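Protein chains: 2
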Amino acid sequence: MPLSANNPDRTSWLHVGKNSDFPIQNIPFGVFLTRDDIITIGSRIGDTAIDLGALHQLGYFEGIPLTDDIFLQDTLNDFIADGRKTWRAVRDRIAEIFDSNNTILKNNTKHKEIVLFRLDEIEMQLPVQVGDYTDFYSSMEHATNVGTMFRDPDNALMPNWLHIPVGYHGRSSSIIPSGIPIHRPQGQTMPEGATEPIFGPSKLIDFELEMAFITTDANDLGEPIPVNEAEEYIFGLVLFNDWSARDIQKWEYVPLGPFLAKNFASSMSPWIVTLDALEPFKVESPKPIKPLLPYLKSKGKKGYDINLEVAIRPKNAKEAIVSKSNFKYMYWNMSQQLAHHTVNGCPVNSGDMMGSGTISGPTEESYGSMLELTWRGEKPLTMKDGTERKFINDFDTVIMRGHCEKDGTRIGFGEVSTQLLPIYNSQKNKKK
Amino acid sequence: MPLSANNPDRTSWLHVGKNSDFPIQNIPFGVFLTRDDIITIGSRIGDTAIDLGALHQLGYFEGIPLTDDIFLQDTLNDFIADGRKTWRAVRDRIAEIFDSNNTILKNNTKHKEIVLFRLDEIEMQLPVQVGDYTDFYSSMEHATNVGTMFRDPDNALMPNWLHIPVGYHGRSSSIIPSGIPIHRPQGQTMPEGATEPIFGPSKLIDFELEMAFITTDANDLGEPIPVNEAEEYIFGLVLFNDWSARDIQKWEYVPLGPFLAKNFASSMSPWIVTLDALEPFKVESPKPIKPLLPYLKSKGKKGYDINLEVAIRPKNAKEAIVSKSNFKYMYWNMSQQLAHHTVNGCPVNSGDMMGSGTISGPTEESYGSMLELTWRGEKPLTMKDGTERKFINDFDTVIMRGHCEKDGTRIGFGEVSTQLLPIYNSQKNKKK
Chain A
1 MPLSANNPDR TSWLHVGKNS DFPIQNIPFG VFLTRDDIIT IGSRIGDTAI DLGALHQLGY
61 FEGIPLTDDI FLQDTLNDFI ADGRKTWRAV RDRIAEIFDS NNTILKNNTK HKEIVLFRLD
121 EIEMQLPVQV GDYTDFYSSM EHATNVGTMF RDPDNALMPN WLHIPVGYHG RSSSIIPSGI
181 PIHRPQGQTM PEGATEPIFG PSKLIDFELE MAFITTDAND LGEPIPVNEA EEYIFGLVLF
241 NDWSARDIQK WEYVPLGPFL AKNFASSMSP WIVTLDALEP FKVESPKPIK PLLPYLKSKG
301 KKGYDINLEV AIRPKNAKEA IVSKSNFKYM YWNMSQQLAH HTVNGCPVNS GDMMGSGTIS
361 GPTEESYGSM LELTWRGEKP LTMKDGTERK FINDFDTVIM RGHCEKDGTR IGFGEVSTQL
421 LPIYNSQKNK KK
Chain B
1 MPLSANNPDR TSWLHVGKNS DFPIQNIPFG VFLTRDDIIT IGSRIGDTAI DLGALHQLGY
61 FEGIPLTDDI FLQDTLNDFI ADGRKTWRAV RDRIAEIFDS NNTILKNNTK HKEIVLFRLD
121 EIEMQLPVQV GDYTDFYSSM EHATNVGTMF RDPDNALMPN WLHIPVGYHG RSSSIIPSGI
181 PIHRPQGQTM PEGATEPIFG PSKLIDFELE MAFITTDAND LGEPIPVNEA EEYIFGLVLF
241 NDWSARDIQK WEYVPLGPFL AKNFASSMSP WIVTLDALEP FKVESPKPIK PLLPYLKSKG
301 KKGYDINLEV AIRPKNAKEA IVSKSNFKYM YWNMSQQLAH HTVNGCPVNS GDMMGSGTIS
361 GPTEESYGSM LELTWRGEKP LTMKDGTERK FINDFDTVIM RGHCEKDGTR IGFGEVSTQL
421 LPIYNSQKNK KK
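Quick mapping for you: the protein sequence lines, in order, are chains A and B. Heads up: the first sequence begins at 1 in full-length UniProt numbering, then just goes up one per residue. Heads up: the second sequence begins at 1 in full-length UniProt numbering, then just goes up one per residue.
In case anyone wonders, no lab produced these hints; they're calculated from the structure. None of these values were measured; they are calculated from a predicted model. Treat the hints loosely; a few may be bogus.
Identical copies carry no separate label here, and so any pair may be met within one copy or between two of them.
[Stated by the list, open to error] In the DSBU-like style, the derived pairs of lysine-lysine whose C-alpha atoms are separated by at most 35 Å in a straight line are:
#  : residue 1 : residue 2
1  : K318      : K106
2  : K203      : K384
3  : K18       : K85
4  : K203      : K302
5  : K290      : K203
6  : K203      : K299
7  : K110      : K290
8  : K203      : K106
9  : K301      : K428
10 : K106      : K324
11 : K390      : K110
12 : K299      : K315
13 : K428      : K299
14 : K302      : K428
This is chain A alone, in the form it adopts within the complex (with noise of 0.2 Å):
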């Protein structure tokens, strides 16, 4: 049964842009500040941004079961919280409450001026509390490139690639949303031919375009979920840049995986786009190359069309698109993800966050890392400005877009878009 919130034939009386991500089928759901210094949940039509907690107040979700606050506060994880069927009637009530077709709010100035802000007189914050981040390897291509780069051609996937959604566990603290710089870590590396490791700025700073599924309280310790009920506690889905020091990584990682070289930035686009709101835009997960044990066989759609694009932009320049890819092109679905991720029993919490990896598609143009859109710094990217790239420099900034589109309904998730700095400096930059 389609959701009515998804009713494609559905205008709205807020302007919508031609080719906006954020028509009234989309209703994201995102936390922001207020021109007044107050922090709300939100949502989002065309460019107007809405004030979920003043319109719960002004007793436009009567009949939803709501606490009072439950909109004003600093992050979703409650609501998330609340469950699907919530999630939905929300929803569906947002799309109800903005139709061209009812004249309530449209025709109340008053409440209008509580209720809707212009983009630029808020700033959008975190949208959950991220309990747990973690972090999977999922695009075939992406696995197979590193593969081929780092040990063997002949022999790129690891044995065990095929037969499991191989994750591992991030770092929560530094997830921030778009539009915060970073600075350019620093740490130990090897440096080719050298016996003995050195100490200073990572010289091969690179992004990671990946999409990250935001969970809500899904089992207790101890209990697995099913694959093919995954998607029950998946409440959307946001742009993920997985920020990475190549140097560092190489030099750290064995035996037990990534660390600094990871763990000192992950963005996010600050807009949760729902399953639902994607629902028309499911398509088949590529082919198993070999036979999944059965807690792995998820049935039907469970893989999502949904265009990727990554930009560079140097300070002084306009941006340069540098990659092209898509969501669909991932081996491993969100589905088997959670299923593989909680087989063991392992909890998983309203708020946790977990990452596709990088996702590359099967050409040159659609790889999602300058790893492998450079080939290691063998073929250099060229910016507007004239500059080559092989990695990211200092004050570039990388922007990942993201939108699905069928049968004349687009819904996106605008942009995450991240300026790289120098490094830290502790007299210039301590704030306490």
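We have chain A; now place chain B onto it with these hints.
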């Protein structure tokens, strides 16, 4: 200057048994549920639990800048965020209140009824909400044993091991307090000689004897913590059992490190012993074998002499002590771990937890895991009921204990005790 709360000559009007881990010089912090089902932050002297929330409401902390509800919380995170000066003032005050020479509370029967509990009247909770959990790999003996067994006895340590306090991110959601039973995890393994992986209960469940430290808010995104300031940001220590499934680990861990082999459960002792209480037991760390990069050079005594032991108690038998180790064997100390963790600007927050990694000593009796104690199952251990153990059996309880002792003062951690139950049965176990 010695800390007032550490005065070895002080005695308490509360009974403290001989060999108690909790004399008035300890004053640990924890969270418990009282007989009235109220959750509160507390401390402990001897076998008496102290309700700090009630003490504060009764005015006993007057003069110390504390918010009214600082102890009326279900985690210590906010109190820990108040910083070392506050922790010290509170610990000193508790020492004064319960000093043998102080009769104010001692003679106030009404107040004592509100504030004091027998241990069997309370239920210990997880003391912190762990934002991020990191596990290090800092015992040279452990890393050497594992490298010898699984890789190459002649090159047991990886090339980076003597240069980096190697660590990786763990999972916060499955950290549980002592007393909560866990289920044997299921998962994918590749049996010896097989060509396809199989699914089923792990056959090689192991403990790892660790200690873990808990931090306060330490730094901004981008800001490193200097190695010789690191202890300022460490609140205290607990015993930590990093449960491991060796067969799952072996198949999954390349190239991104352990994942499901670890994240089904990690158990901690419920009383956090402050670094201040452990001050008298500081010792030199082992001499570095290779020169250290400057950011890892710690000055003075940064190790701690803490006696550790592990016992296994089968279902209907007495416990057998299977390991006796010591925290002082750690090659990398906590200051080096925290400096390394933040050298790239990774933020560390109040309630974050960092495990030492398995603490193995130089002798066979001091190894910190069944993997090492039985040398991969080649030399089984005998239990008190005559049964043998290569790894942990269903219904076994694993108990870890730790204490320091010097000049007649003993400061201890109590214990972390966890029973392993058979695999989760979704019919029988599901609560919802």
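Legend entry - Numbers of unmet hints, in rising order: Violated hints: 1, 7, 8, 10, 11, 12; rest satisfied.
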